[in-house]
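If you want the building blocks of each chain, they are given just below.
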Amino acid sequence: MYNPTQTENRLKILLYAILILYSIVTFIPFAWALSASFKPLDEIVRGGLNFIPQHFTWDNYQKIFTTSPLFGRWLLNSAFVAVCVMGLNLIFNSMAGYALARIKFPGNALLFSLVLAVLMIPGQVTLIPSFLILKKLGWLNTYQGLIVPTGINATFIFMMRQFFLSFPQELEEAAALDGLGRWETFWKIVMPLAKPALAAQAIFVFMSAWNSFLMPLMILSEPEMFTLPLGLNTFKGQYISYWNYIMAASMVFTLPALGVYAFFNRYFISGVTFTGTKG
Amino acid sequence: MLVKIKKSTKLQETLSGYLFVAPAVLILATFTFAPILYSIFLSFHKVRILGEIQYRFVEFKNFARIWSDERFWIALKNTAEYVLLVVPIQTALALVLAALLNAKIKGRKLFRVLLFLPTVTSSAVLVLIFIWIYNSNGLLNNFLAFLHLPTYNWLGDPNVALKSIAIMNIWSTAPFFMVIYLAALQDIPESLYEAARLDGASAIDQFFTITLPLLRPVTLFAVVVGIIGTFQLFDQSYIFSGGSGGPNNSTLTLVLLIYQYAFKNLEMGYASALALILALVILISTLIQRRFFQTEKL
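Going down the list, the sequences are from chains P and R.
Each residue of the first sequence is one higher than the one before, counting from 1186 in my numbering.
Each residue of the second sequence is one higher than the one before, counting from 946 in my numbering.
Extracted from the complex, chain P is given alone in its bound form:
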């Protein structure tokens, strides 16, 4: 006999089964890497499918900082660059977005069309000329060479403009009555109220700077200046069969990003849908 609740229950079980299976597929590479980072090399070489290390060890984590003296430096470089890029983006994109939304000045409309045009330009075109311009400026192998070119982002200028367009104007008018200029109004009234938009932007910009590979690969040639993705790549070249070290290094690189992600998860997902449908 046909029983609707029974079919529904079966469907639900199937649904859970698929989702759990897929989550496992997603999670296993991370779990496997994490487990390897706590295994001694001989245990890894022996192979097998054990996810729990037989001889749990912290050695790999200690060794990556000592056998490769630059590892700590790469970590700091990455953190420094990502934080600077994030800071510049938050300030500059918001300033530009605010001006495009609120301030009347000759060239406003033209500038906005240019921002829209930039959204459509694929990065590869600017790659080689940017390298030559950085070379001319003497910015190869420097922090500013990594930071300044990515200090703004057209997508987020656009996003901030949209955000400020729908921003209640009364507060700014009140501030103007109190004698605040544009500059003070922006910093004291507007920016504090833009926190949700800034949070989503902060995570995205941080992640893309933290994970960026091609740009650093192009402009950095001195190992002291490497960011972690480049460092990891050379690390792989040097220690190709030392998977215990490579996995420990990968985990050190991944954990800060995962922390940021877990902390801002809510904003992150809403940010994806935002840039996804409107970017």
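Rather than coming from a laboratory, the hints here were simulated on the basis of the structure.
Ideal Cβ placement from N, Cα and C applies to all residues, glycine included.
Be aware that a few hints might be false.
These stretches of chain P come out as covered by chain R in the derived footprint (C-beta under 8 Å, 3 or more residues) [to be verified]:
no., stretch
1, 1204-1213
2, 1241-1248
3, 1325-1333
4, 1398-1412
Given chain P, put chain R in place with the hints provided.
For chain R alone, kept in the frame of chain P given last:
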């Protein structure tokens, strides 16, 4: 109450406008607009960058050379193959996952967080983890052998290497599109489904007659963004192959080829011509996307 704003003078307004956009304009001009013009200039020149940069005008020679460049055609074929393999599968997978997660079940927040992990992990790390898992004596082959399935030389076999990267790419980006689908699914009014249920439509019927048609714009978006993303494949094939595009050119992609010409052979002019051609292909996809979506009036 209507507040009359103290009118700052027009000049002040203009000045503060320029002050606010100055950093963005400066960076855009130096690192986006100037490079575009510069790139076009470079593509018509032979460039020497050792010491002082020197240019020699070569007309269309760089573009003509693309035509007879065997490695360009290999890279184009690889890239196209990769796009055609990855985009349909990741889009379909994203749709299915989103539809499943949209059902009212417990723990869907947790699933969302879990599934999103690869999206936030650096490509460098993902590639390292996968090289290790793909290793001939690695987790994947061990697992396949355990199930008595055939094993592969995932990275060393030219027939398989690109597919190995594709599998990893699908695995890591499908959740990104899943989230976009989820947002769109939540915008579909529940009343449509209620009406369909009254007419006796099954869950499967509802999916094909209501959900799928209403998701058409999002699907087009996912496809075009997917195409643009996969056309730009670089990090994965670079790290997998140690920059060579091997084995036997099987993971050589267009961006990797551009990188090799520009930074290994130092042929900046020719590499710029290649980059312009790639950009043109991507730009056309973007324009098609704009036509399809008619983004909201600004």
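Structure-based check of all given hints:
no.: 1; hint: 1204-1213; verdict: holds (count 7)
no.: 2; hint: 1241-1248; verdict: violated (count 0)
no.: 3; hint: 1325-1333; verdict: violated (count 1)
no.: 4; hint: 1398-1412; verdict: holds (count 4)
Consistency note: the structure conflicts with the earlier hints numbered 2, 3.
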